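A.B. asks: Construct all of the structure, not just a fragment, from the sequences and the given hints.
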Amino acid sequence: MTGPPTVREIMATFLARDIEDGEEIFVGTNLPVIRAAALLAHLHHGPSMRVMLAHTRTNLYHAPVMEHFELLADWRAARWAEGYFNDNDIVMYQKSRRDSVFFVGALQVDPHGNTNLIGLGTDPRRLRLRGPGAIATTTNASHVRRFYIFLNEHSPRVFVPRCDWISTVGWGDGGPDARRKLGLPGGGPRYCITPLAVLDFEDDSKRLRLRSVHPGVAVDEVRRQTGFDLVMPDHVPTTALPGPDELAILRTRVDPQGLLRG
Amino acid sequence: MGDHASDVLSPGVPARRSVLVAEPELGDWFRDGMTIALGGLATACHAMVAVRHIVRRGLRDLTVIGSAVGGLDVDLLVGAGCVRKVICPYVGAEALASIGPFYRAAAERGEIEVWECDEGQYYTGLQAAAQMLPFLPCRGGVGTSFPELNPDLKPFRDPVRGETLLAVPAITPDVAILHAAQSDVHGNVQFVGTGYADRLLWRAAERTLVQVERIVSNEEIRRAPERTALLAAGVLRAPYGAHPFSSPGFYLEDRAHIAELVAAGRAWARDRDRQPFEAYLARYVHGAPTHLDYLEAIGLRRLLGLDEWGA
Chain A
217 MTGPPTVREI
227 MATFLARDIE
237 DGEEIFVGTN
247 LPVIRAAALL
257 AHLHHGPSMR
267 VMLAHTRTNL
277 YHAPVMEHFE
287 LLADWRAARW
297 AEGYFNDNDI
307 VMYQKSRRDS
317 VFFVGALQVD
327 PHGNTNLIGL
337 GTDPRRLRLR
347 GPGAIATTTN
357 ASHVRRFYIF
367 LNEHSPRVFV
377 PRCDWISTVG
387 WGDGGPDARR
397 KLGLPGGGPR
407 YCITPLAVLD
417 FEDDSKRLRL
427 RSVHPGVAVD
437 EVRRQTGFDL
447 VMPDHVPTTA
457 LPGPDELAIL
467 RTRVDPQGLL
477 RG
Chain B
131 MGDHASDVLS
141 PGVPARRSVL
151 VAEPELGDWF
161 RDGMTIALGG
171 LATACHAMVA
181 VRHIVRRGLR
191 DLTVIGSAVG
201 GLDVDLLVGA
211 GCVRKVICPY
221 VGAEALASIG
231 PFYRAAAERG
241 EIEVWECDEG
251 QYYTGLQAAA
261 QMLPFLPCRG
271 GVGTSFPELN
281 PDLKPFRDPV
291 RGETLLAVPA
301 ITPDVAILHA
311 AQSDVHGNVQ
321 FVGTGYADRL
331 LWRAAERTLV
341 QVERIVSNEE
351 IRRAPERTAL
361 LAAGVLRAPY
371 GAHPFSSPGF
381 YLEDRAHIAE
391 LVAAGRAWAR
401 DRDRQPFEAY
411 LARYVHGAPT
421 HLDYLEAIGL
431 RRLLGLDEWG
441 A
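Protein chains in written order, with my numbering: chain A, 217 to 478; chain B, 131 to 441.
Hints may be right or wrong, so weigh each one.
[To be verified] Only part of the chain B face toward chain A is listed, based on derived beta-carbon distances under 7 Å:
id, residue
1, Thr173
2, Ala225
3, Ile229
4, Arg234
5, Gly240
6, Glu249
7, Tyr253
8, Gly271
9, Gly323
10, Pro378
[Claimed, not checked] Stretches of chain B that chain A covers, calculated by requiring three or more beta carbons in the stretch to come under 8 Å of a beta carbon on chain A:
id, region
11, 209-223
12, 275-284
13, 326-338
In case anyone wonders, no lab produced these hints; they're calculated from the structure. None of the values given here were measured: they were computed from a predicted structure. The beta-carbon is built from N, C-alpha and C at its ideal position, and this holds for glycine as well.
C.D. replies: Pasting the structure below:
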């Protein structure tokens, strides 16, 4: 369990530090970095977080090791649960999303953080690539306190000047009042996390801005791999590394199987 | 009162009706062009005896309402050519198949229509059906491409506060087919676990057929009436009837079998090679005309190896 932190451990730590105690968070399946971030925040500084694991609300603060949990519909998650809910009772409780942080994946992201999970191509009856579908992202991202755009790929085919379709609104046409004008109560996207960098949104334009690069990544590489001009600050720091306490929690309690180190 | 009271106390009054459905009677429940809702969620609790019946019959032009996280039950029906339109926000099996291969291929080739929606819009439409309303409003989707992708989702100005919202039309299944833990012969259905969103599908549907792992006595139901989730119009006894998907309290998903189905789908999607899927259907659907034939084709060792806690 030694060795320098991996990129995925760095991404998980960045996210975990941004999650506050008391917030509601959904631990999805098949998303190891997001799972690790949520559980690291819970164990490191969030004993009163509302951790939504599959269809349960759990508190794992005193559990020594978090077993990996793979399938959303597996009712065995209830063995850790304090509450266990119907799917529609969770999705249709928008009021609870005021305390939620949420994650959105994407086939495409535009400069204002609007995202596409529908597919690629302009004819809706004959998409060139049919995506998985929006799942609950559209409604949740309208309502949650804030969300994060989480990407496993940082390339010009993901970061595009214009999405073929928008399934989740980020900052719309831009500007700090873009979401208010649409009547969307949630706080919108705060960061976009990729395997190369962390991006945030410039305050006035709400355009994507480079915030930090992960260790060993050059600013020029991020520029080359983004299909539009990012707002560039004068100085781009390196994404902070996990501290020894965070790395210990990750490696011994959250991810002993090493999904983030593979 | 009790099941038999009328026989004894009210001579001449018929006894309480049983809603048990025998497998050969499944044919009465389905016809071409119907709108059919499939219960369960993702890799759990799909009514596979009924789904395989539909495939075996070769029904056509169905509108299929998958669960909110639609599983490969939808994919099997699409692959078999039964489906004209799919209504649900996702089709796949998470880590076992991030998207249903038949669904993806048929959508990309224009062979099926996808009624684009997210989970919020999907549940809003089902709730409208349950309330017998023409539509209900939804905020999720405002500012997105959904009204363009799905013209049934209509932006409108809310007359109370003046907001722009989406009107989601009622989504009304002709039949919902669900899989649950147990029922009595009168259709009092109880789940192990929460039943995902099956109660809402039942409330939205004109009729609901529920497969159950076991039929229990009415007295057993009345031991814990708070567990009764819904009243089914038809109940089919179907032990292991969600296979290859999981059934909470009874068995896990059969990953090897799911992989076989996914591989057949990918051969068709990638190479237009239909042979693996035809072999799958020959073995598990057409070559297994009843549920017992199907269970024998899967085999006792495999089935009993899917135990939730002790395998």
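A.B. asks: Take the hints in turn and mark each one as holding or not.
C.D. replies: These are the hints, each one checked on the structure:
no.: 1; hint: Thr173; verdict: holds (5 Å)
no.: 2; hint: Ala225; verdict: holds (5 Å)
no.: 3; hint: Ile229; verdict: holds (5 Å)
no.: 4; hint: Arg234; verdict: holds (5 Å)
no.: 5; hint: Gly240; verdict: holds (5 Å)
no.: 6; hint: Glu249; verdict: holds (4 Å)
no.: 7; hint: Tyr253; verdict: holds (5 Å)
no.: 8; hint: Gly271; verdict: holds (5 Å)
no.: 9; hint: Gly323; verdict: holds (4 Å)
no.: 10; hint: Pro378; verdict: holds (4 Å)
no.: 11; hint: 209-223; verdict: holds (count 5)
no.: 12; hint: 275-284; verdict: holds (count 4)
no.: 13; hint: 326-338; verdict: holds (count 4)
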